[in-house]
Every structure is written in C-alpha cells, then in structure tokens.
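Respectively, the protein sequence lines represent chains A, B and C.
Heads up, the first sequence stops at 243 in our numbering, and the numbers go up one at a time, no gaps.
Heads up, the second sequence stops at 1142 in our numbering, and the numbers go up one at a time, no gaps.
Heads up, the third sequence stops at 2330 in our numbering, and the numbers go up one at a time, no gaps.
Among the clues, some could well be false.
Below 35 Å or equal to it, Euclidean Cα-Cα: the simulated DSBU-like pairs (lysine-lysine) are [said to hold, decoys possible]: (1) B:Lys1091 with B:Lys1124; (2) B:Lys1087 with C:Lys2170; (3) A:Lys84 with A:Lys110; (4) C:Lys2325 with B:Lys1124; (5) C:Lys2170 with C:Lys2144; (6) B:Lys1111 with B:Lys1091; (7) C:Lys2210 with C:Lys2145; (8) B:Lys1111 with C:Lys2170; (9) B:Lys1087 with B:Lys1124; (10) A:Lys112 with A:Lys84; (11) C:Lys2325 with C:Lys2170; (12) C:Lys2210 with C:Lys2170; (13) C:Lys2170 with B:Lys1124; (14) A:Lys84 with C:Lys2170; (15) A:Lys177 with A:Lys112; (16) C:Lys2170 with B:Lys1091; (17) C:Lys2325 with B:Lys1111; (18) C:Lys2325 with B:Lys1091; (19) A:Lys84 with C:Lys2210; (20) B:Lys1087 with C:Lys2325; (21) B:Lys1111 with B:Lys1087; (22) C:Lys2144 with C:Lys2210; (23) B:Lys1111 with B:Lys1124; (24) A:Lys177 with C:Lys2210; (25) A:Lys110 with A:Lys177.
What the simulated footprint calls covered on chain C by chain B, stretch by stretch (three residues with Cβ under 8 Å from a Cβ of chain B suffice, anywhere in the stretch; the number is not a length) [what the hints assert, rightly or not]: (26) 2064 to 2075; (27) 2157 to 2166; (28) 2252 to 2265; (29) 2320 to 2326.
Partial list, computed: chain A residues near chain C (C-beta under 8 Å) [stated by the list, open to error]: (30) Phe48; (31) Leu50; (32) Leu156.
For the record, the hints were derived by calculation from the structure and aren't laboratory data.
Here a beta-carbon is modelled for each residue, glycine too, at the ideal position from N, C-alpha and C.
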Amino acid sequence: MTSSMPQPADRSADALAKQPPSTPAHRRQAHISTIGARAFLLEAPGDFDLPAQRRIWALARALGHWDDLGEIVPGMTNLLAIFKTTPEDPDAVTTRLLDAWERAESIDIKGKTIEIGVHYGGEHAIDLAELSNRSGLSAREVVRLHYEGTYTVFALGSAPGFGYLHGLDPRIHMPRKTVPSLNMARGCVTIGGMQTGVAVLTGPNGWNSIGFADLQMFDPTADVPAIMAPGDTVRFLPERIEL
Amino acid sequence: MSAVDFSDPATIAFLAAALQAAGVDGIEIEQSTRKVRIVVERDAPGAAPLVQTLQTSPGATQLEVVTAPMAGIFGANHPESPAPSSKPPRKVAAGETLGFIRIGSVLLPVKATQPGMLTGRVAKDGTVVGYGDPLFEIELRP
Amino acid sequence: MIEIVDTGPFNTIQDLGRPGYRNIGVTASGAMDPLALKIANLLVGNDEGDAAIEVQTFPFRLRFRETTVFAVTGGGNATLDGVALPPWWMQTAGAGQCLELRPSPASARAYIAFGGGVDVPPVMGSRSTSLRGAFGGIDGRFLKKDDTLRLGEPAGTLPADGLGAVPPAKALAEFFPNAPDGTLLIRALPAGEHDLFGADAERFWSQSWKISSQSDRTGYRLSGEPVRLPASVEMRSYGIVPGVVQVPPGGEPIVQMSDANTAGGYPKIAGVLEADLWRLGQARIGSRLHFVRSSHAEARALDRALADYVEDVRNTSQMVARALKTIAGR
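Just need the whole structure built from these sequences, with the hints factored in.
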C-alpha cells in the first residue's frame, strides 16, 4: 500500500441526482454518526456551499470550549469531534452535538488573503490538455478562469497544510482521476472535482494538475506550521503562462 | 544426645504436623553427615510432606538452594511459553533464568546463583511463595 | 548512545504520536501498538509516552555503547549477546553488548524502549516519525544501518536481574479473546454509511477477512467477499481516525492505521474500538480477522481493563524496584 490512498470526494452533479435520500444534500437535519467509540461525525444538511461551511466553522469554535473533546477536525460541511475518553451515553453526545449545531450561527471568519504566484502550463501541467478537452475551452481560457477566481479555504486536511479551496468556476470542474498520478510534485496547482488546491507533498495524487507554485505551504518547526487557515482568501497570480 | 532417626516415618509425620500447626512451610535440620529438609503443603493439609535427605559429608557434592527474591506466585515457565523448559536434572549457568515470581502483572526472574546441575524444583507452579522460600536446588560439582 | 547494526526497511522511532493537528492535515502517527510502547517505557522507568524504536521488519540488531537499561515488548524474539530474553522484558545491557530481534509468529511489531527514552528533537509535540510529512524521528525517515541514537537521562535504579510484565494477551485474555481457530476478533461499531450497504453490511460482519500484503502503518487492505453499495453515494471529505473501515469501489475494505491520512472520502462501514487498535497493530499480514459488533458500554469496559493493566504494571514495577533495593541494602 502506498503512503497516500486516493480518496475520492465530491462526485459530479449527475452522480448526485441519483443519490439515495440519506445523503447530506437530501437531508433537512444535521446527521451524527460515529467512527469507533470516541469520534462523532456531524454532517451538515443541504448543499456543499459556503453558508454550510461557515456554520461548521461556528460549530468548531463553539466545540472548542468542550473540555471532554481531544480534537476537533472540520471537514467539508462536516466536523469530526474526537472525545478524550469513551462517552458513557452516545445518545446524549448526539443530542449535545445537535444542540450545538442548532445554536451555531454562521460566522464569517475574517481571514487573511494569500496570493500565490503560479506558473501555468509547462512540465507540471500534466492534466491541462485533458481539462481543456473536457471543458471545451482553450487551455488559455481554462487558466484565465482559474486565476480570475477568488477562493476560500474551506478546511485543511489530507496532507500537512493542504487547504481545500472553494470557489472554482463550474466550467472548469473536473472529477478526480480514477488512477492517481504516482509521483506528482509538491507545488502542483490542482483541480479535484469542484475544488482547487496546491499539492504540499510529492507523491500519489488523484487531482488534476494545471500549473506549479513555488511556495512552502507547511513548516513543522514554525509556531504556526500551516500557511493557510480556514476562512482565508486565496488568489492565484499568473506569473507565467506556458502553453 | 543421640541423633534423631529421620528415616522413621513416624518421626517425619510428627515433625510435619508440628510445622503445619506452627504455620511454617518447611524446616531444614542439619546433622553431622547429612541435612534433611521437610516441606509441608500449605494448600493441602494432611498431604504427605516432602522429605529430602541432602548429603553433606565431605567430598560429596555441595547443594545450592535458590530462593525466592520476593513474595509472589511461583512459576517455572514464563506465562506466555506453556511448553516446560527442559526438566531437571540439567546443567545451568550462573545467571540463567530458572523460573519467575509473579507479583500482579509484573514478573521477577529467579536466577541460578551458581553454575551446576539443576537437580530439583522445590516449589510447585502456581503456589504462593514468601521471600527466601526455597525454589530450586543446584548441585555444585567440585 | 546506541548504534543500529542491522535493520530492515520500515523501522522507525515512535512515541504515542502527535494528535491534535488533524485540523491542519497532520497525521497523528505514533506506535501501532501503543499498549506495548507504554509497557516498554514503564518497565525501564520512563514516562509511558517516551520515544522508542518500533521494529516491524526483522532481523534487527543494535549495539549499546554504554551500560543501558532497555525493554522489549510486543512481538519479536529478543536475544542479548545470543542469550534469549523472556517476552515483555526489561534488562540492563553492558557497553558493547548486542541486542538482536527476530520475528515472532504471533505479533507483527516489537518495541524497544531505553532508560531515558530515545532523544530526538520533538516536532509539534512528538518524537514520532512522520513518514508522510518527512519530519519527526530522524528527519522523518526509516532507521538505517549505522544510525546512532542518543538517549535521555534514565530515571532511578532498576532491578539488576531484570523484570518483566505479564503480556496483555495473557493478563487480559478474558477481555481480548480470539476465535478458537486463531482468527482475531476485532470489536467495531457501525459507521456513517453502514446502513446504505444493505444486505452487504451483514456480509461485512459475518465473514472473516484476510489482511492483504498491501498493508502497512498507513492502513490494512482486507481481502474477502467484496461488499458494495447498491448505488453510488455523494461523499464529502471528512476527518478520519485510525480504525475507520472504509470501502473503496472495489468492495474490499481498508482499515486506516497510525499513519492514516487525516481526511478521507470513501464510504465508511465501521469504526474499530480504540481499545482494540493495539491488537490490530500487532496483526500480521496474511492473518485473519473477524469484525464483531460492539457497544459503547463494552468499549468503556475494555478501556478500563487496559487502564487498570497499565496502572498495575506502573505501580507494581516501581514497588518491586523499591523492595528489591531495600532487601539488597540489608
């Protein structure tokens, strides 16, 4: 097994249309499930969008005051709450979490703005041609749509300091690859489904690369190891376009 | 004073009963040419006592008794290796682990104090032993 | 100071890991069998979470450059200069002595703790090697031949003749049973998408799964009769913890382990109880396991049994050391 398992996420809209009613987009209430005996996952109902994510941030902030929690991991319109010890009554935990969710007001984190210079095209843009084909847009148009976007860091995860960026123009959404690239370089600017991001590790990667950014996103020895934080705004600056 | 005859079963039985009544596990009696050890079963009153006659006459082999380093439950084998280690008599080296004393979840080793021939095991597996109780005998060859 | 004389790939420095950073994408890492790591540390008088060596490829050999108290727990058959050590054992090695570990049939991973612990710089609160992040341990990499490791300051005196712990498989046998044929019984609770698997969910619990060769510290791929979702499900990336059992489209589950990613997107069918993760961490490639539906009540009982055992080893080993010192001083 490789050190990184491709994890598909965020299927296309048509996969969504065939969903059974028990998935987030079709729910009206938040849903709680468990992973093991100590971790509880709350999934927000409704669409995968910024308002839902803002409420997840608010929930994360509220749960930060719970002494019995060891770790709070916000995901994509969901949140994993890991308790320090096994709760005695899981139903009581579910009730507490749902109450906290109901009380969580959407918050708008006033994050910082991060500007990332990108070399679009070139040797690292291994999937630009395929994205151009799929979208029916020229490579130049694909690149323009990417750098004209304003993105919000939804959450960090998957690899140290990796930010899932929301706000990608729907014309350049592209599903993740079924067979990941085995050795994608750190710094590749990538698209996975409706999200974009910058690879922080060299290794297997299922997202589609359209360029390269020479920026260290993570430093384990720094006081704040990750450059990005949820709620930050990210802009990509086209330093060079090589088509 | 004439020597007590330890080959007489009545004498042994009398001594064993006295030991049991006193709550003592065993006794060693040394005479001019030999040593006798009587061990009674604490958990099985009325069972025949173990009697060992140990030669101590000059020129004969010397016997080293390995005792319990601490009170606990004795076992000749590690709890995770049910196969018994080779039975006595067998040669042992100084420092070789002969058995274990279990205290709660902790195990203390019982080690050979001298090299020689392990000739006997005095304590039974699973018995509670006290500090200094005899566990093994090693014959020291001159 | 110790010196690595011989090692296979994949052996690393580990402690109890660096939980608390999943929200920035940092894997917790840490020992695959945290129970064995804790006991090894307690036997040498360390704090239970000090850094030790996790050995998962054998043979492994190291040399002591000075008199050193060490303990070997978990799997592996250990010898010191050719003399076998009992399992789960602490002993003092002299300068120049060589410790060798060979594989044992029952357990996959051995832990070697040293008085004072392995002294590598902590990164984000832990000395665990993060292979994925390339930091922690020795520059985030596997140990290699000729590496030298500095040790911390050992705590007080320990019994000169050595000391051991009753292995948890024995001491806690009633809480952690195996099937009569040796199949590992792993307690788990249904996870988020469990019910969407319909009839296949029952097959997940009823069959025994084999741990495939594509298994490592990141996770175990299981082989058996595939279980599949009747319809595809929209998944949004969610935070994961070791023990989550995910089902990729092929239908053969993956159990995420210590070096797991922090987020996942596969449907999850179950989550292994935290109290059973140490046993999973000792499961060997090719062995079989059976998932058993559990409850929070059972999880708490197992947590308590583990905590009691660790406390007993901690308190009794200290008491024994003090008593032996008193006896020796008489």
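Now for the hints, and whether the structure bears them out:
{"no.": "1", "hint": "B:Lys1091 with B:Lys1124", "in the structure": "holds (20 Å)"}
{"no.": "2", "hint": "B:Lys1087 with C:Lys2170", "in the structure": "holds (24 Å)"}
{"no.": "3", "hint": "A:Lys84 with A:Lys110", "in the structure": "holds (30 Å)"}
{"no.": "4", "hint": "C:Lys2325 with B:Lys1124", "in the structure": "holds (27 Å)"}
{"no.": "5", "hint": "C:Lys2170 with C:Lys2144", "in the structure": "holds (34 Å)"}
{"no.": "6", "hint": "B:Lys1111 with B:Lys1091", "in the structure": "holds (13 Å)"}
{"no.": "7", "hint": "C:Lys2210 with C:Lys2145", "in the structure": "holds (33 Å)"}
{"no.": "8", "hint": "B:Lys1111 with C:Lys2170", "in the structure": "holds (23 Å)"}
{"no.": "9", "hint": "B:Lys1087 with B:Lys1124", "in the structure": "holds (13 Å)"}
{"no.": "10", "hint": "A:Lys112 with A:Lys84", "in the structure": "holds (32 Å)"}
{"no.": "11", "hint": "C:Lys2325 with C:Lys2170", "in the structure": "holds (28 Å)"}
{"no.": "12", "hint": "C:Lys2210 with C:Lys2170", "in the structure": "holds (24 Å)"}
{"no.": "13", "hint": "C:Lys2170 with B:Lys1124", "in the structure": "holds (20 Å)"}
{"no.": "14", "hint": "A:Lys84 with C:Lys2170", "in the structure": "holds (27 Å)"}
{"no.": "15", "hint": "A:Lys177 with A:Lys112", "in the structure": "holds (31 Å)"}
{"no.": "16", "hint": "C:Lys2170 with B:Lys1091", "in the structure": "holds (30 Å)"}
{"no.": "17", "hint": "C:Lys2325 with B:Lys1111", "in the structure": "holds (17 Å)"}
{"no.": "18", "hint": "C:Lys2325 with B:Lys1091", "in the structure": "holds (30 Å)"}
{"no.": "19", "hint": "A:Lys84 with C:Lys2210", "in the structure": "holds (31 Å)"}
{"no.": "20", "hint": "B:Lys1087 with C:Lys2325", "in the structure": "holds (32 Å)"}
{"no.": "21", "hint": "B:Lys1111 with B:Lys1087", "in the structure": "holds (16 Å)"}
{"no.": "22", "hint": "C:Lys2144 with C:Lys2210", "in the structure": "holds (30 Å)"}
{"no.": "23", "hint": "B:Lys1111 with B:Lys1124", "in the structure": "holds (16 Å)"}
{"no.": "24", "hint": "A:Lys177 with C:Lys2210", "in the structure": "holds (28 Å)"}
{"no.": "25", "hint": "A:Lys110 with A:Lys177", "in the structure": "holds (34 Å)"}
{"no.": "26", "hint": "2064 to 2075", "in the structure": "violated (count 0)"}
{"no.": "27", "hint": "2157 to 2166", "in the structure": "holds (count 7)"}
{"no.": "28", "hint": "2252 to 2265", "in the structure": "violated (count 0)"}
{"no.": "29", "hint": "2320 to 2326", "in the structure": "holds (count 3)"}
{"no.": "30", "hint": "Phe48", "in the structure": "holds (6 Å)"}
{"no.": "31", "hint": "Leu50", "in the structure": "violated (14 Å)"}
{"no.": "32", "hint": "Leu156", "in the structure": "holds (5 Å)"}
Going down the numbered hints, you'll see the structure goes against 26, 28 and 31, while the others check out.
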